[in-house]
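Using the sequences and the accompanying hints, generate a full structural model.
2 protein chains.
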Amino acid sequence: MYYIGIDLGGTNVAAGVTDREGKLLGKASIPCPRGAEAIADAMAESARLAVGEAGLTMEQCASVGVASPGTIDPVQGIVFHAFNLGLDHVPLARMVSERLGGIPAYLENDANAAALGEFVAGAGKGKNSLVAVTLGTGVGSGAVLEGKLYTGFNYAAFEAGHTVIRRGGRQCTCGRKGCWEAYASATGLISSTRKAMEAHPNSALWRYAPTLEDVNGKTPFDAARAGDAAAQAVLDEYIEDLACGLANLINIIQPEVLCIGGGICKQGENLMAPLRAALGREEFTKDAERRCQVVAALLENDAGIIGGAMVPLYR
Amino acid sequence: MYYIGIDLGGTNVAAGVTDREGKLLGKASIPCPRGAEAIADAMAESARLAVGEAGLTMEQCASVGVASPGTIDPVQGIVFHAFNLGLDHVPLARMVSERLGGIPAYLENDANAAALGEFVAGAGKGKNSLVAVTLGTGVGSGAVLEGKLYTGFNYAAFEAGHTVIRRGGRQCTCGRKGCWEAYASATGLISSTRKAMEAHPNSALWRYAPTLEDVNGKTPFDAARAGDAAAQAVLDEYIEDLACGLANLINIIQPEVLCIGGGICKQGENLMAPLRAALGREEFTKDAERRCQVVAALLENDAGIIGGAMVPLYR
Numbered sequence: 001m002y003y004i005g006i007d008l009g010g011t012n013v014a015a016g017v018t019d020r021e022g023k024l025l026g027k028a029s030i031p032c033p034r035g036a037e038a039i040a041d042a043m044a045e046s047a048r049l050a051v052g053e054a055g056l057t058m059e060q061c062a063s064v065g066v067a068s069p070g071t072i073d074p075v076q077g078i079v080f081h082a083f084n085l086g087l088d089h090v091p092l093a094r095m096v097s098e099r100l101g102g103i104p105a106y107l108e109n110d111a112n113a114a115a116l117g118e119f120v121a122g123a124g125k126g127k128n129s130l131v132a133v134t135l136g137t138g139v140g141s142g143a144v145l146e147g148k149l150y151t152g153f154n155y156a157a158f159e160a161g162h163t164v165i166r167r168g169g170r171q172c173t174c175g176r177k178g179c180w181e182a183y184a185s186a187t188g189l190i191s192s193t194r195k196a197m198e199a200h201p202n203s204a205l206w207r208y209a210p211t212l213e214d215v216n217g218k219t220p221f222d223a224a225r226a227g228d229a230a231a232q233a234v235l236d237e238y239i240e241d242l243a244c245g246l247a248n249l250i251n252i253i254q255p256e257v258l259c260i261g262g263g264i265c266k267q268g269e270n271l272m273a274p275l276r277a278a279l280g281r282e283e284f285t286k287d288a289e290r291r292c293q294v295v296a297a298l299l300e301n302d303a304g305i306i307g308g309a310m311v312p313l314y315r
Numbered sequence: 001m002y003y004i005g006i007d008l009g010g011t012n013v014a015a016g017v018t019d020r021e022g023k024l025l026g027k028a029s030i031p032c033p034r035g036a037e038a039i040a041d042a043m044a045e046s047a048r049l050a051v052g053e054a055g056l057t058m059e060q061c062a063s064v065g066v067a068s069p070g071t072i073d074p075v076q077g078i079v080f081h082a083f084n085l086g087l088d089h090v091p092l093a094r095m096v097s098e099r100l101g102g103i104p105a106y107l108e109n110d111a112n113a114a115a116l117g118e119f120v121a122g123a124g125k126g127k128n129s130l131v132a133v134t135l136g137t138g139v140g141s142g143a144v145l146e147g148k149l150y151t152g153f154n155y156a157a158f159e160a161g162h163t164v165i166r167r168g169g170r171q172c173t174c175g176r177k178g179c180w181e182a183y184a185s186a187t188g189l190i191s192s193t194r195k196a197m198e199a200h201p202n203s204a205l206w207r208y209a210p211t212l213e214d215v216n217g218k219t220p221f222d223a224a225r226a227g228d229a230a231a232q233a234v235l236d237e238y239i240e241d242l243a244c245g246l247a248n249l250i251n252i253i254q255p256e257v258l259c260i261g262g263g264i265c266k267q268g269e270n271l272m273a274p275l276r277a278a279l280g281r282e283e284f285t286k287d288a289e290r291r292c293q294v295v296a297a298l299l300e301n302d303a304g305i306i307g308g309a310m311v312p313l314y315r
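In order, the protein sequence lines correspond to chains A and B.
Taking my numbering, the leading residue of the first sequence gets 1, the next gets one more, and so forth.
Taking my numbering, the leading residue of the second sequence gets 1, the next gets one more, and so forth.
Honestly, the hints are just simulated from the structure, not real lab data.
Everything numeric in this text was worked out from a predicted model, so none of it was measured.
Some clues are possibly wrong.
It does not matter which identical chain is used: a pair holds within one copy or between any two.
Unchecked claim - With a straight-line cut-off of 25 Å between C-alpha atoms, the simulated DMTMM-like cross-links for lysine to aspartate or glutamate are:
{"id": "1", "residue 1": "K177", "residue 2": "E45"}
{"id": "2", "residue 1": "K266", "residue 2": "E289"}
{"id": "3", "residue 1": "K177", "residue 2": "D287"}
{"id": "4", "residue 1": "K218", "residue 2": "E240"}
{"id": "5", "residue 1": "K125", "residue 2": "E98"}
{"id": "6", "residue 1": "K286", "residue 2": "E146"}
{"id": "7", "residue 1": "K195", "residue 2": "D222"}
{"id": "8", "residue 1": "K218", "residue 2": "E21"}
{"id": "9", "residue 1": "K266", "residue 2": "E45"}
{"id": "10", "residue 1": "K195", "residue 2": "E240"}
{"id": "11", "residue 1": "K127", "residue 2": "E21"}
{"id": "12", "residue 1": "K148", "residue 2": "E53"}
{"id": "13", "residue 1": "K23", "residue 2": "E198"}
Have a look at this one:
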């Protein structure tokens, strides 16, 4: 049998079909409309397209697993709140199932699904446990522990982005002050870069981003490579904040692998080398024989699709 | 069958015998000697005494589980480092087994064992998952997730005391700066109290602790109850730091129950009421239907004995 995964994003609805090992056999993506019914229609349509791309029929597919943003109830298959999609208490699993001939449908949080995708077919393949951290607009995180997707007793677990590393610090969207997400997300890096530009009118940062609105996650890396001291200071601080939260997670969870994804990871070793050095100073197990491996995520945008597809097998 | 648990402390070696449900049927405690061989002798002796207290024979006992401080390898039954006991790479499980006629012996970290004890017979009885936090010289923590003791891939997991909540803050014994343990432990509270006394020569704190050496974890609570502003400020700050780390843990793990133990918990609702209020502001799930219950630990000093005894059943 084959497995359909759907990654519900604010911009696109992406679907794919995998085998039992999470190998992607076909995929399709269509723009995400507005409104619950239209979204469910788009999800069913993308699933049909992906099944066709894979050269399969719907009858050969055992299930569909949906990776959704926001807060969800995976047991009832309900999206409670996904504000960027305008969804509020929507029984999305049932709605997708109905549109695809009654196929069993599952729902999971998108950060959890991405972690599961990396565990089955990416950075955690063949390992016992994995934590996945995605550095984007926020800091997403999910975990597969002892071979099972970890969700906590109320399915709300692994909001590592909303752990405070600087008490009383930057205001976070969750209401706390000083959350890891406020510093380690791309948004946090952009915010720090803008502050540095305002403080340093002669910094080379202004060459890479002529206005503050032009700053993106790449800007400080580009300027630092050109030898700009203000940009390097922003990055040094960013790495320390990122490493702080990662070391916290490792000291609690000790997964076999921790993978980091998101646009900032395109920097490769420019990011990973100083990060590993910082972790070598920060981890409780820094001198231990068996340390958590910290690596880049492998599946990029496919992690949610593959993880969604694998949900029924790893719950 | 019955199960022997041994809690290896710096001062005493305490042993107990439980039934399959973790009910303590007899216990015994003797002073902890120095040296690996003498410690193993004392462990065997305390086990024999406890079995006698329970009115049982060694033949009726299935196993012995040892809760040890420091870093351990539970698979090989070796204590790698337990500095306060002077143990360094000691095969303690085998040494105890040999002294008790070859009975199967297990070894676990003491914070993990305490969490297991509370899960089986204390604050987490009948629940699916529990995190236990002990506020003492340090901040100990352990977790039972989905009915199994959680240790991470390298058996070093759940060092939540060594997660940074104030980056660049107080120096911690682990090498990091700003660890939760440096603020939320009894040691951290005592340190904050002493600083407040030095800053406030007229504070009532001096009535409860005539010299800085007299300060203990009770001092600020006593002075605050008497209306002292400096003591209240110390406690307010302490509660915020404690809640910060607890909310971090809850946001990651979402256990069904989180229990707090250690001497400071003798303050009861003086501690728990403001702590719950702070968590109500800090938790990611503060508005959710199903929230982690935060309660006082129930087993006090028996948690390690009971948890040790239960190790072979919950691994």
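Here's how the hints hold up against the structure:
1. K177 - E45: Cα proximity of K177 and E45: none, with 42 Å in one copy and 52 Å across.
2. K266 - E289: For K266 and E289, neither the intra-copy (30 Å) nor the inter-copy (39 Å) Cα distance is at most 25 Å.
3. K177 - D287: between (32 Å within a copy, 18 Å between copies)
4. K218 - E240: Only inside one copy: K218 and E240 sit 18 Å apart there, 36 Å across copies, limit 25 Å.
5. K125 - E98: Result: close neither inside a copy nor across copies, 33 Å intra and 41 Å inter.
6. K286 - E146: within (22 Å within a copy, 28 Å between copies)
7. K195 - D222: within (17 Å within a copy, 46 Å between copies)
8. K218 - E21: neither (34 Å within a copy, 57 Å between copies)
9. K266 - E45: neither (31 Å within a copy, 60 Å between copies)
10. K195 - E240: within (17 Å within a copy, 29 Å between copies)
11. K127 - E21: within (14 Å within a copy, 33 Å between copies)
12. K148 - E53: For K148 and E53, the Cα distance exceeds 25 Å both inside one copy (30 Å) and across copies (42 Å).
13. K23 - E198: For K23 and E198, neither the intra-copy (47 Å) nor the inter-copy (65 Å) Cα distance is at most 25 Å.
The structure is inconsistent with the numbered hints 1, 2, 5, 8, 9, 12 and 13, although it conforms to all the rest.
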